[in-house]
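S.K.: Residue-level listing of the chains:
Protein chains: 2
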Amino acid sequence: MIIDTEKMKVYDISMPVKNDMPVYGGKEGKRPRILKEPEFSKGHVYESRIEMNLHTGTHVDSPLHMIPGEAPMEKYKPEQFITGCYLIDLTDVIEKITADDLKGRRIRKGDFLLLKTQNSFKDILEGAFIYLDKTGAAYLNEIGIAGVGIDALGIERAQPEHETHIQLFGKGVVILEGLRLRDVEEGEYLLCAAPVLIPGTEAAPARAFLIR
Amino acid sequence: MIIDTEKMKVYDISMPVKNDMPVYGGKEGKRPRILKEPEFSKGHVYESRIEMNLHTGTHVDSPLHMIPGEAPMEKYKPEQFITGCYLIDLTDVIEKITADDLKGRRIRKGDFLLLKTQNSFKDILEGAFIYLDKTGAAYLNEIGIAGVGIDALGIERAQPEHETHIQLFGKGVVILEGLRLRDVEEGEYLLCAAPVLIPGTEAAPARAFLIR
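One line per chain: the protein sequences are A and B, in this order. Anchor point for the first sequence: position 174 equals 173 in numbering that gives the first Met the number 0, and the numbering is continuous, going up by one each time. Anchor point for the second sequence: position 131 equals 130 in numbering that gives the first Met the number 0, and the numbering is continuous, going up by one each time.
Do not take every clue at face value.
To be verified - A few chain A residues that don't get close to chain B, going by computed Cβ distances all over 12 Å:
1) K76
2) R105
3) I106
4) G186
Unchecked claim - Listed next, the stretches of chain B that the computed footprint assigns to chain A, with coverage defined by at least 3 CB atoms under 8 Å from CB atoms of chain A:
5) 4 to 13
6) 64 to 73
7) 78 to 91
8) 202 to 208
If you are wondering where the hints come from, they were derived from the structure by calculation, not from laboratory data. Being a predicted model, the structure only gives us computed values, none of them experimental. The C-beta atom is built at its ideal place from N, Cα and C for all residues, glycine as well.
Same shape as in the complex, but just chain A:
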């Protein structure tokens, strides 16, 4: 993909991080806290701090999230976060994305795929959000994708063995969660999804842009 920075259009597909944002499972303990630094009142500058779970809002997961001893975030290469990608419109899917929902769609070996669902439109992020089920993950692994992003706070739910995460991690697939895809249509983009560099951890918050 060739990008001319003079002519590009940039879409922000990140979720705003704030105290009352949606969090996984709606658990209060997972809501981020943004606080003024106590020094502020004494000084001339305004400073804040944040306390947050690393899976808050738009973020990338690494295999350590699900598989003990597996790769932490710093094992990803920068090139895995700045890459051509293809956004698939799956807004007609109900409950979960299965292999059947993906068959016949434009999905190619080596793609970074973004899955746009009703999660970008409905207020379901803390509950019964649409997810990629284990048959969908297996299908994507058959093709051999490089990464997958979704507009849910997790790429799966309701699968106690976490088969979607575990299958994808087994093939080195980057998992990008918490996207906001309402304003972007199916098609090819340059993805820039840059997670904060926090070595040794299993996830990191990211700002994600699509460029066309």
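Since the structure of chain A is already known, use the hints to place chain B on it.
M.R.: Here is chain B on its own, set in the frame of chain A:
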């Protein structure tokens, strides 16, 4: 600038965020804390949380940092973070970057400039780091730059009225701090410096890449 994603090389110019990293002024209260979520021991997944000042490591400042009532982070446009940039080698500069150090260098209206100094080589980030002084900031404002990045945790120190920040903010210049520039040479790049989207705040941690 035209980027071909098949042929690009990506440099990570971000500072790793960890408990014992350098922080502004070496203040213990500013060190980030990375903690395992207590739920970890009970569940099947590994999760962490972080507590950090928003000016930790590689980060972007907005005018609210220094000027009450001025723009918080969300006022920046995505295009300000994905932009051509020019890195200037100032590794011969001692103590501070003045207007005299910048005169005669390749600096053009509308540039996003990155200032590479001895900060990328010496262990001085918590103390007497090299900074952009108020005469240097005034000179850059005369030319009219779009952004400036530096390999220090602050773009200035030892100026009680914060004239460098305040002058640059007055002209809408993006300020990017905490870069690691040891491995990149003077020249043109595409900069992708994506701060986490935390509305209402005066700064945000970012992952920064240079692409050539």
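S.K.: Where does the structure disagree with the numbered hints, that is, which hint numbers, in rising order?
M.R.: Hint check: 1 fails alone, others pass.
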